[in-house]
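Number of protein chains: 2
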Amino acid sequence: MINWNNLDTVGSFKELSEVARVNLAEAMTGEKGAERVKKYNSPMACGLTFNYAAKQVDDSVLEALAKLAKETELIEKFAALYNGEVVNTGEKRLVLHHMTRGQLGDAVEADGCDKRTFYVKQQQDIADFANKVHAGTIANAAGEKFTTVVQIGIGGSDLGPRAMYLALENWAKVNNTFKMEAKFISNVDPDDAAAVLNTIDVEHSLFVLVSKSGTTLETLTNESFVKDALKNAGLDPAKHMIAVTSETSPLAKSDDYLAAFFMDDYIGGRFSSTSAVGGAVLSLAFGPEVFAQFLEGAAAMDVLAKNENLLENPSMLDALIGVYERNVLGYMNTAVLPYSQALSRFPAHLQQLDMESNGKSVNRFGEAVNYQTGPIIFGEPGTNGQHSFYQLLHQGTSIVPLQFVGFKNNQMGRDVVIQDSTSQQKLCANVVAQIVAFACGKDNEDRNKYFEGGRPSSIIIGDKLDPKSLGALLAHFENKIMFQGFVWNVNSFDQEGVQLGKVLATRVLKHETDGALKAFSDIFNI
Amino acid sequence: MINWNNLDTVGSFKELSEVARVNLAEAMTGEKGAERVKKYNSPMACGLTFNYAAKQVDDSVLEALAKLAKETELIEKFAALYNGEVVNTGEKRLVLHHMTRGQLGDAVEADGCDKRTFYVKQQQDIADFANKVHAGTIANAAGEKFTTVVQIGIGGSDLGPRAMYLALENWAKVNNTFKMEAKFISNVDPDDAAAVLNTIDVEHSLFVLVSKSGTTLETLTNESFVKDALKNAGLDPAKHMIAVTSETSPLAKSDDYLAAFFMDDYIGGRFSSTSAVGGAVLSLAFGPEVFAQFLEGAAAMDVLAKNENLLENPSMLDALIGVYERNVLGYMNTAVLPYSQALSRFPAHLQQLDMESNGKSVNRFGEAVNYQTGPIIFGEPGTNGQHSFYQLLHQGTSIVPLQFVGFKNNQMGRDVVIQDSTSQQKLCANVVAQIVAFACGKDNEDRNKYFEGGRPSSIIIGDKLDPKSLGALLAHFENKIMFQGFVWNVNSFDQEGVQLGKVLATRVLKHETDGALKAFSDIFNI
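As they're listed, the protein sequences go chains A and B. Just so you know, the first sequence maps onto residues 82 to 607 in the working numbering. Just so you know, the second sequence maps onto residues 82 to 607 in the working numbering.
Hints are computed from structural coordinates only; laboratory data are not their basis. One or more hints might be untrue.
You can't tell identical chains apart in this list, so a pair holds if it fits in one copy or across any two.
What the hints assert, rightly or not - Here are the simulated lysine-lysine pairs, BS3-like style, with alpha carbons at most 27 Å apart: (1) Lys254 / Lys264; (2) Lys387 / Lys173; (3) Lys530 / Lys173; (4) Lys545 / Lys264.
The following block holds chain A by itself, in its conformation from the complex:
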């Protein structure tokens, strides 16, 4: 029997809070710092490494974290999840996104079928469909190949797939696996759909409508918008649109779509990039083989997350250091700073993944908790951020833990030498410099030029951003957030916080308002 307890009732948490604090600036200065960089490394899958030398930890803290991991039974909870327990207690659902990329434990049967078989079948169906589209067997009414794929979805049906597409777009171009350009329509702002439609050739475009329930208002509205455009161009929408949905949704068996591919209630939107939600658009854009490599990377990282040894389980380690920062050191935010332009939207995806999963004030039993849960996540790629908000990170009155990501090589292989170094070398030199600048700071008699240091960061270092390492990177964060949810004893897999706004918006549209709601509606002439 697993024990699900609030963090503040766990003995090892109290012990953790009593361990002597690490003076990070001191620890990272001089040869001691070099030793930490070599020692505080945890290998990940696909050539990635999690380096936490510049986190505010030492062997004593790590020992206390290992004890906390054991007492909170993180490995057992993960096993319960992948073996098919109802871990999503709010919605009374299994949580099976890991199974879209592998099987970590028992076979899980639900809805009358073996779930791994079900997810693999969807991947195969998508692969067959994508191959036919690429071959021109499935084509437009004029028999011409589709050249563009447009995903219509919002939240989890948008951010993850979009971030992954951008992460691999240029890699695919230089590796000759680029099949179709992808575009994304998400916002109910009509200018979003109109702008995308203005830049594409609808006659050669295939639209992927993504909604698990088949009832997401933004997505259905944008579907209508697109159908109007197709009809206005003299085209049959049913020949230009596929659906990704659950088998029980109204979209599942509709004649309005060329084909339908399925996920189910056990795949939360924000965890759906490795399901058909990401699978359809990424397989169409880059080919099914690339999507398969992406899944392989994620699966390899999932396997590592089963490791009971904290120091050999980077996702669990990252999670626990985050809890230490949030609940003992009292830091409220985390900045995600990838030194890779291809990861430009990765922080926005992590923002959803983390804040929607762990931005909760009640535990999994629906009782209020008395401690801080998920942090606020934001970020932009470096070096751009250096010329923007890093000022506050270096010299502001708030300390923000940092999550860097960097790669030894770029994706496209084009570079230029200026002042004796390549752009790639400059990029890497900058991330290295930032880690040390944040950790060690620098004294100066002029207080305006003084850097206090003591700003903790970790970095995930890879060889190159490719489908496998991207999959591993994604799974790392998914698992990190899952482990943190376990430690905080929250349900990371529901999102009741989005409901009230929906209810009130419907009231506004039905003119069933009073008070402030009516007064604001009047201003907007709704």
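Take the given structure of chain A and dock chain B to it, following the hints.
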């Protein structure tokens, strides 16, 4: 004589902190809420309104804020700034970005010329140049028109102009003022430049190199990257490139550029969107008339910022409510949530504007301050954010003040009716619903479905996002941040926090490293 005092030494700040707290959920419920919505409105320029009904304020708080504004001499400090005092004490510079769009007070002479005349001259030169490019008088070697403009810059030379371009791109397309597509290269990651170069036709592209000092390493590196590409295409880079820089920079009189346009040391990078930095790319993309309207909107808002009456000075009011939230209520972040897809990068620009300006721990005399200064800024457009991080905003353990922006009309005029309402109506209904949901919350026996409320927000409401209202919106935030800097007694116009990273990166590239710096460099094989 103006008094520059730390916030914690100001008597009215102490008084402010003693005013009874407003129970926001209670205040916004029922007819009282409707009255607040009507009452707590401050008209801005260009049809915009600042509504702060859902902020945690009442007449007593507002009175205390007015007293604080008076005691901290905000209007006098603003006047000192636009009349040419050395307000940027760190770098010993004037702060004249307001003068790029109007003259609020005295003529200011510096560098041997009248500065207003200088900035207007740059605008006229840019307008002449842009008109010639559009007419084909300035063309490529084959005598063909340039079709694309590519800005090469980073930080303030990128984020603001890019956000403004995206904000007006679709507006310009439907209003027939769209002249040239714009692209942006910023990151030193070589994949950034390579990806942009892959999507453009260099033969018909004009590049705008933007660096005030002419020494920004990222920008010079990307310039070389682009020059290589031009040469490889058999083109003369000097015929495809213009510079925006200061008159004293090495770029100013170089034969490497078709033309050079100037800003000066009195325009901080993050405040440079209304200078030649934004002027060149926006005038080329949309025509000089559109850029002139943008300046007009900003200028109108600047005039409002001179108003001594706090309730009639929305930028000062927004600033002071922010200070109240930061230093009395103890909130650490602000989320910027525009309900307009066109403002997709506006939050990223504000993130720089705010965090780089006020992310400081020393006052303008270089002495450490004992209070919190600038908040952490993040945001994404709604409704997208609703399906992402809003979960934490509604039900997380941290309270985050919110800054909404919404428009009654969309830019492109295309829409669709679904379930009896247009997309635009749904968009507006959602922002209205969110304000009330955050403020009032909702009780529920099921704690997982319980919304505490009390989450403060304000909203800027406009008729439509166009060049004028965009200019006003931008100036509002520039002035808000300036006023906050005055209250916190920090210098909002330097950025010493970016220096240490630069120094260390140079050491890494020169292999002059030891300790952690060397150990990390070894991992990256630099």
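* Status of lysine 264 relative to lysine 254 across identical chains (alpha carbons, at most 27 Å) -> both (16 Å within a copy, 19 Å between copies)
* If the cutoff is 27 Å on CA atoms, where do lysine 545 and lysine 264 land: within, between, both or neither? Let me know, please. => both (25 Å within a copy, 26 Å between copies)
* Asked: Given a CA cutoff of 27 Å, do lysine 387 and lysine 173 count as a within-copy pair, a between-copy pair, both, or neither?
  -> Classified as within: same-chain Cα gap 24 Å, cross-chain 57 Å, threshold 27 Å.
* If the cutoff is 27 Å on CA atoms, where do lysine 530 and lysine 173 land: within, between, both or neither? Let me know, please. => Between copies only: 15 Å across chains, 55 Å inside a chain, cut-off 27 Å.
In this structure, none of the earlier numbered hints is contradicted; all agree with it.
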